[in-house]
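For the record, the sequence lines run as chains A and B. When we follow our numbering, the leftmost residue of the first sequence carries the number 1, and every step to the right adds one. When we follow our numbering, the leftmost residue of the second sequence carries the number 1, and every step to the right adds one.
Bear in mind the hints are in silico, worked out from the structure with no lab data behind them. Keep in mind that this is a model prediction, so the values were computed, not measured. Ideal Cβ positions, reconstructed from N, Cα and C, are used throughout, including at glycine. Incorrect hints may appear among the rest.
Stretch by stretch, here's where chain B covers chain A in the computed footprint (C-beta under 8 Å, at least three residues) [what the hints assert, rightly or not]: (1) 30 to 37; (2) 42 to 50; (3) 68 to 80; (4) 83 to 89; (5) 205 to 219.
This is what each chain is made of:
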Amino acid sequence: MNSVARSRFSLLFRLMLLLLLLTLAGGLAYAVLSLPDQTVGLSDRVAANMETSGVSNPVTAVLLNFRAYDTLLEMAVLLVALLGVWSLGSAAVHRRVDPEPVLLFLVGVLVPMMILMAGYLLWVGAAAPGGAFQAGSVLAAAGILLLLSGKHFPVRLPGWPLRLVLVLGLGAFVAVGVTLVFANGMLLQYPPGLAGGLILFIEAAATLSIGVTLAALFLGGRPDPEA
Amino acid sequence: MNSILLYALLGVVLFTLGLHALIVHAHLLRKILAINVMGSGVFLVLVALGVRAPGAPPDPVPHAMVITGIVVAVSATALALALLLRMQAKTGRTRLPVERLE
Chain A
1 MNSVARSRFS
11 LLFRLMLLLL
21 LLTLAGGLAY
31 AVLSLPDQTV
41 GLSDRVAANM
51 ETSGVSNPVT
61 AVLLNFRAYD
71 TLLEMAVLLV
81 ALLGVWSLGS
91 AAVHRRVDPE
101 PVLLFLVGVL
111 VPMMILMAGY
121 LLWVGAAAPG
131 GAFQAGSVLA
141 AAGILLLLSG
151 KHFPVRLPGW
161 PLRLVLVLGL
171 GAFVAVGVTL
181 VFANGMLLQY
191 PPGLAGGLIL
201 FIEAAATLSI
211 GVTLAALFLG
221 GRPDPEA
Chain B
1 MNSILLYALL
11 GVVLFTLGLH
21 ALIVHAHLLR
31 KILAINVMGS
41 GVFLVLVALG
51 VRAPGAPPDP
61 VPHAMVITGI
71 VVAVSATALA
81 LALLLRMQAK
91 TGRTRLPVER
101 LE
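Bound-form chain A, shown alone (with noise of 0.2 Å):
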């Protein structure tokens, strides 16, 4: 096949595929276009019960009582990530430098604020949009930033530490629903009177674990202990 005869076959390539993916792109558009306007969906169902879940933010109530069970699946599957990750290999060893003073400052002023910040979503997750994830979110942001400052944090700190602190989120969520099949014979059914703190606990330790996995997730591998 010579050279024009290829981008000849190429450029039909490319046709072909614009061609089938606008298809796609038409049939979701007239999917989505074609659902009816009023649904009930769940939102009914959820202000239902609403008094029974412990919380005042449905979004809470969904993910850590109504539908526990995806959460802590989920927990699970950050957990699994992290090991294929650490099962590729050890973190690459970086260069020290020493940080601008600049840099070294803004990390001083921003890492507690944004460890405060975290503590405040987790807290107000029961009433108005924040929680576990948003937390945790901002907790590994932190840890991202104190390692890319070159402090030497968390690569110091691995072992035993850092392992329980991974297993914390998942452990306390199958702690709890374990606790729960043994008390009511139920996975993950919370008592009524006992939800609003069991949440808060189970949330309290996946933001930990949330905030530690990603960030270690960033490393990109198992540090390891002599590094």
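Following the hints, complete the assembly by docking chain B onto the known chain A.
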């Protein structure tokens, strides 16, 4: 045609753009980015369709699914990037081997 449908349609456009990039680009980093764009499109559709009825409070179930979905997408991307780096360290390649149809 209200603004909510506009967001949902934008999600469809993002999904299709991502799929196009996934097919056209051979570099694996671009493929990972393309899958992320596709995922963002799906999230946008889900969030937009959660507030379909104007005035009514948004349906919390799709929103909760998107919150968990974003974190899963981030961790899956991290795993994909680690695999890509490992592959590049082992073979020096950042593309999948091409099988010629002869």
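Going down the list of hints, with the structure as the test:
1. Interface restraint, the stretch 30 to 37 of chain A with chain B: holds (4 residues with C-beta to C-beta distance below 8 Å; minimum three).
2. For the stretch 42 to 50 of chain A, the proposed coverage by chain B is satisfied: 4 residues have a C-beta within less than 8 Å of a C-beta in that chain, meeting the threshold of three.
3. Counting residues of the stretch 68 to 80 of chain A whose beta carbon lies closer than 8 Å to any beta carbon of chain B gives 5, which reaches the threshold of three, so the coverage claim holds.
4. Under the rule that three or more residues need a Cβ within less than 8 Å of chain B, the assignment of the stretch 83 to 89 of chain A holds, with 4 such residues.
5. Here the stretch 205 to 219 of chain A counts 5 residues with a CB under 8 Å from a CB of chain B, which clears the bar of 3, and the coverage holds.
Violated hints for the displayed structure: none, as all numbered hints are satisfied.
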